[in-house]
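A.B. asks: Chain by chain, the residues:
There are 2 protein chains.
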Amino acid sequence: MGIKTLKSEIKTAGGNYKMQCTAGNNSIILDEPEELGGSNGGMNPGEALLSALGGCKYIIAKMFYQKFNINLIGLCIDVEGEIDMDALMNTVEKKNRNKDLKIGFSKITTKWFIDANNTKEEIGEFVEFVEAHCPMKDTIEDKPDFSVEVLGKKH
Amino acid sequence: MGIKTLKSEIKTAGGNYKMQCTAGNNSIILDEPEELGGSNGGMNPGEALLSALGGCKYIIAKMFYQKFNINLIGLCIDVEGEIDMDALMNTVEKKNRNKDLKIGFSKITTKWFIDANNTKEEIGEFVEFVEAHCPMKDTIEDKPDFSVEVLGKKH
Numbered sequence: 012m013g014i015k016t017l018k019s020e021i022k023t024a025g026g027n028y029k030m031q032c033t034a035g036n037n038s039i040i041l042d043e044p045e046e047l048g049g050s051n052g053g054m055n056p057g058e059a060l061l062s063a064l065g066g067c068k069y070i071i072a073k074m075f076y077q078k079f080n081i082n083l084i085g086l087c088i089d090v091e092g093e094i095d096m097d098a099l100m101n102t103v104e105k106k107n108r109n110k111d112l113k114i115g116f117s118k119i120t121t122k123w124f125i126d127a128n129n130t131k132e133e134i135g136e137f138v139e140f141v142e143a144h145c146p147m148k149d150t151i152e153d154k155p156d157f158s159v160e161v162l163g164k165k166h
Numbered sequence: 012m013g014i015k016t017l018k019s020e021i022k023t024a025g026g027n028y029k030m031q032c033t034a035g036n037n038s039i040i041l042d043e044p045e046e047l048g049g050s051n052g053g054m055n056p057g058e059a060l061l062s063a064l065g066g067c068k069y070i071i072a073k074m075f076y077q078k079f080n081i082n083l084i085g086l087c088i089d090v091e092g093e094i095d096m097d098a099l100m101n102t103v104e105k106k107n108r109n110k111d112l113k114i115g116f117s118k119i120t121t122k123w124f125i126d127a128n129n130t131k132e133e134i135g136e137f138v139e140f141v142e143a144h145c146p147m148k149d150t151i152e153d154k155p156d157f158s159v160e161v162l163g164k165k166h
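Top to bottom, those sequences are chains X and V. Numbering-wise (the numbering used here), the first sequence opens with residue 12 and increments by one. Numbering-wise (the numbering used here), the second sequence opens with residue 12 and increments by one.
Be a bit skeptical, because a hint or two may be false.
To give an idea of the interface, some chain X residues facing chain V are shown, with a C-beta separation under 8 Å as derived from the structure [as the list claims (entries may be wrong)]:
#	residue
1	T16
2	I21
3	M30
4	G57
5	G65
6	M96
7	S117
8	K165
When the alpha-carbon atoms are kept at most 20 Å apart in a straight line, the in silico EDC-like pairs for lysine to aspartate or glutamate are as follows [as the list claims (entries may be wrong)]:
#	chain 1	residue 1	chain 2	residue 2
9	X	K165	V	E132
10	V	K18	X	D95
11	V	K29	X	D89
12	V	K154	X	E142
13	V	K73	X	E132
14	V	K154	X	E152
15	X	K15	V	D111
16	V	K164	X	E91
17	X	K15	V	D97
18	X	K113	V	E139
19	V	K110	X	D153
20	V	K164	X	E132
21	V	K164	X	E133
22	V	K15	X	D89
23	X	K154	V	D156
No lab work stands behind these hints, which were simulated from the structure alone. Yeah, the Cβ is synthetic: ideal placement off N, Cα and C, and Gly gets one too.
Next comes chain X alone, as it looks inside the complex (with noise of 0.2 Å):
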């Protein structure tokens, strides 16, 4: 298959932030919420970076659960991020950056619900499998080279 380029384009959808966000014939609609200025007309792009984590685990799972014999009844993945809002909001007051503190997640901490006829142990390395085969953790992980271009108007 080689390397796929996968897409997504951005535009308003009205409003302060909301925004309709396209990929081939699917879309996402991405806002802030109130108190940041927003709409709430959707999530925010924080809660979106933590869906596609959790997201591209629970496909992961979903693909090996029979290679690992798990008799998988149930799966639930909560994915939560903690970030610090005052080093971000420090930035837009001043327009700079603190550069002592982080303003992306410090810690992302992913709760495995799984319901299934399997030892603890048997549930583990399959977790453990998981987490070390993901995509997306591993995008996060081991960062990708950053290339930026500043373009006009988009036709």
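On the provided structure of chain X, position chain V as indicated by the hints.
C.D. replies: For chain V alone, kept in the frame of chain X given last:
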């Protein structure tokens, strides 16, 4: 505002991979395309991560453009990520990861389409600022601590 915990809860939405990700009162549906065993009921997690990253840049840009005296007429952001599908599929087939192959995004390109009555230098300085102050880019560039908890059936 202090440390805030954002959260996404992921559960099945039917089929192989289709899932509902819920944060507060907002939800998105993620899935895989048909060629990868899904039903194309929504973006895949890679596209969602690119949306989260681009969406965060979009919001920071909207927060700051006036402070940079950008006379903004229109803003669209495209985010593209390159991923080696063979590296991932190899993992799936062999149940064993080749550590030499990167399974996540190896490169992420952001294309800024800015329509504004400003000089190229002014726009360049503005984009540089946003790129350096985007919490989701910071999350990927400077990885957070990861924590994993394995729990039973979710109530």
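A.B. asks: For every hint, state whether the structure bears it out.
C.D. replies: Verification of the hints:
1. The closest approach between the C-beta of T16 of chain X and any C-beta of chain V is roughly 5 Å, which is under the 8 Å cut-off, so the hint is satisfied.
2. With a cut of 8 Å, the hint placing I21 of chain X at the interface with chain V holds, because the nearest CB-to-CB distance is about 4 Å.
3. For M30 of chain X, the interface hint holds, the least distance from its beta-carbon to any beta-carbon of chain V being 5 Å, beneath 8 Å.
4. The closest approach between the C-beta of G57 of chain X and any C-beta of chain V is roughly 5 Å, which is under the 8 Å cut-off, so the hint is satisfied.
5. At its closest, the beta carbon of G65 of chain X sits 5 Å from a beta carbon of chain V; the interface hint therefore holds under the 8 Å criterion.
6. With 8 Å as the threshold, the beta carbon of M96 of chain X comes within range of chain V, its nearest partner Cβ sitting at about 4 Å, so the hint holds.
7. Restraint check, S117 of chain X versus chain V: the minimum CB separation of about 5 Å is within 8 Å; hint holds.
8. For K165 of chain X, the interface hint holds, since its Cβ comes within 8 Å of a Cβ in chain V; the closest pair sits about 4 Å apart.
9. Pair hint K165 of chain X plus E132 of chain V holds up; C-alpha atoms about 19 Å apart against a cutoff of 20 Å.
10. At roughly 14 Å between alpha-carbon atoms, K18 of chain V and D95 of chain X fall within 20 Å of each other, so this suggested pair holds.
11. Pair hint K29 of chain V plus D89 of chain X holds up; C-alpha atoms about 16 Å apart against a cutoff of 20 Å.
12. Taking the CA atoms of K154 of chain V and E142 of chain X, the gap is near 15 Å; set against the 20 Å cutoff, the hint holds.
13. For the proposed pair K73 of chain V and E132 of chain X, the alpha carbon gap of about 49 Å is over 20 Å, so the pair is violated.
14. Straight-line distance between C-alpha atoms of K154 of chain V and E152 of chain X comes to about 6 Å, which keeps the hinted pair within the 20 Å bound.
15. Restraint check: the Cα-Cα separation between K15 of chain X and D111 of chain V comes to about 18 Å, which is no more than 20 Å; the hinted pair holds.
16. Between K164 of chain V and E91 of chain X, the direct Cα distance comes to roughly 18 Å. Compliance with the 20 Å bound is thereby established for this hinted pair.
17. Taking the CA atoms of K15 of chain X and D97 of chain V, the gap is about 9 Å. The hint holds against a cut of 20 Å.
18. Pair hint K113 of chain X plus E139 of chain V holds up; C-alpha atoms about 18 Å apart against a cutoff of 20 Å.
19. For the suggested pair K110 of chain V and D153 of chain X, the alpha carbons sit about 12 Å apart, so the restraint of at most 20 Å is met.
20. The hinted pair formed by K164 of chain V and E132 of chain X meets the criterion: a straight-line CA distance of about 16 Å does not exceed 20 Å.
21. Restraint check: the Cα-Cα separation between K164 of chain V and E133 of chain X comes to about 16 Å, which is no more than 20 Å; the hinted pair holds.
22. Taken as a hint, the K15 of chain V and D89 of chain X pair is honoured in the structure, with Cα atoms around 16 Å apart against an allowance of 20 Å.
23. Simply put, K154 of chain X and D156 of chain V have alpha-carbon atoms about 14 Å apart, close enough for the 20 Å limit, and the pair holds.
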